[in-house]
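Place chain B with the ligands on chain A using the hints.
Top line first, the protein sequences correspond to chains A and B. Quick note: the first sequence uses my numbering, first residue 1, plus one each step. Quick note: the second sequence uses my numbering, first residue 402, plus one each step.
Each hint can be trusted.
For each label pair, taking beta carbons as the anchor points, the in silico distance ranges come out as:
1) A:Pro220 with B:Arg424: 39 to 45 Å
2) B:Pro438 with A:Leu336: 19 to 25 Å
3) A:Ala63 with B:Asp439: 35 to 41 Å
4) A:Pro57 with B:Leu414: 38 to 44 Å
5) B:Arg424 with A:Ala52: 21 to 27 Å
6) A:Arg123 with B:Gly429: 33 to 39 Å
7) A:Gly202 with B:Arg478: 54 to 60 Å
8) A:Gly376 with B:Arg478: 28 to 34 Å
9) A:Val389 with B:Thr479: 30 to 36 Å
10) A:Arg3 with B:Thr431: 45 to 51 Å
Honestly, the hints are just simulated from the structure, not real lab data. Ideal placement from N, C-alpha and C gives every residue a C-beta, glycine not left out.
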Amino acid sequence: MDRIVIIGAGESGTRAAFALRESGFTGSVTLVGTEPHLPYERPPLSKPVNGAVQMKPICGAEALKAAGIDYLQGVSALNVDPHARSVALSAGGTLTYDKLLLSTGARPRRLTCPGSERALDFRTLGDAETIFSRAAAGQNVAIIGGGLIGMELAAVLRGKGIDVGIIEMAPKPLGRAVPARFAARFHARHQAEGVGFHLGQGIAEITDDAVVLADGGKVPADIVVAAIGVQPDTALAEAAGIAVGNGILTDGHLRTSDPNIYASGDCAAVAQPGGGHVRFESWRNARAQAEAAARNMAGGKEIFAAIPWFWTDQYDLGLQVAGLPHPDHQSVIRQLEGGELEFYLDGGCLVAAAGLGVGNGLAKEIKLAEMLIAAGISPDPAVLADPGVNLKSLLKSARAA
Amino acid sequence: MSNVITWVPACKLDDIEQEGAIRFDHGGRTYAIYRGPDDSVYCTAGLCTHEAIHLADGLVMDYEVECPKHSGAFDYRTGEAIRLPACENLKTYPAEIVDGEVRVALG
Ligand SMILES: Cc1cc2nc3c(=O)[nH]c(=O)nc-3n(C[C@H](O)[C@H](O)[C@H](O)COP(=O)(O)OP(=O)(O)OC[C@H]3O[C@@H](n4cnc5c(N)ncnc54)[C@H](O)[C@@H]3O)c2cc1C
Ligand code: FES
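If we strip away everything but chain A, and leave its shape as in the complex, we get (with noise of 0.2 Å):
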């Protein structure tokens, strides 16, 4: 086994490239990658610094090269045949494979209304250029779609002194994103900043100038962005005769239904033991998934299994969420001088845990919340809302039992 081919170039492709290197392959590693530019990091595209957008290069071409990965930049895979193991370049030619990682990501889903193609979509580095660069002060943006790259743009775009309309369908924003109550404060300081709201409302149609809504109402615009989710990126796959649901179907070891390609990342959808396949749209697992597809094509036998986390940055609060909160779930809630944490118990078990404060303020509790998670412990729900009872003697208690 000495050559491996990884289709996708992003936060998840690249980290299984240097993965492999990590776990002492020694063959061929070709990373074939769309997008003009060396890989870079998405969160930064809509938490600009001062203004401007940021390319944050994942790694840099030496790193590339001593890690003796060969990038192709700016090429696509048009087809992969699984049974001559070959994927087909854009660039011409074909590359042969003993083992392939499909982490081809997710790409934005498409309104369908009339004018729907003056929409400007928000995934890439040339997308965020496209709207940092046109929109300026006194202009109005309108952001279809409440979710948490919706509302992290409307936050930057506020603090540029743009007037900004949110249109959602569902009646409160970042529903199935984050823990209602933390929605509901972001919601509240969105409000606070300026931004109008249109929430329970479709979309009839984007003129020149406004958003139509289904009601009949007009948001006016000068620049319209849909961020209404995203769809993973199953075409390659599917053309392969490889299982696809909800993203590409892998088991636990992130295998697909050919045992020779695996999948990682925004468009991988893995088994679960309960049954079931899940898939995650977040920076951290897209690098979690790469490391251990990348150690089970290196011939490791490892299940994937990590706690899902996540964060978002509006305005200067962070929120940060270890585990799937679930509103079935019993809530506990513990205040703290930087903000507030809510836990969340099934069946007496603490499975999940959710921090919002100012910056990275309750990271902290988070990453405490987590080992707890993980050590499986079911706490008294008096001693995780007392905040005079340390998270941290918590946990060693609970390893020492």
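Below, chain B with the ligands alone, put in the same frame as chain A:
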């Protein structure tokens, strides 16, 4: 005279939790001062080498500080980056305790 160490008073030992860190700003720069599990003190540059994030907001366990943003980690005694995505080491500075007061040499 560059070999003369200038000590800067920073805080009281009791201002830092055991296995904890605080941010210390001095001369227009920012540092992190740590109190180890054995009550010894250490000082490093204040910002993570991955992005400019204050490490004093991160979790300190044993002799490791974890960045609050993306979980990169450093050994704060040596400044060594020990977990990705942090890969560049932190600068370290001498620190000591004199009569319950922590002082650092920022040179
Ligand atoms: C604006 C923005 C802000 C975000 N902020 C956060 C945040 O705060 N916290 C968080 O946890 N997550 C955040 N995310 C999500 C996070 O960035 C993603 O989960 C992560 O990038 C997923 O990595 P990936 O490698 O799986 O996919 P991607 O990053 O989408 O990379 C896939 C790559 O594969 C390429 N590709 C696809 N098909 C082919 C092909 N056939 N041939 C060659 N190349 C191909 C694509 O062009 C793309 O470059 C944010 C995302 C965006 C867009
Ligand atoms: S900013 Fe510290 S790990 Fe990213």
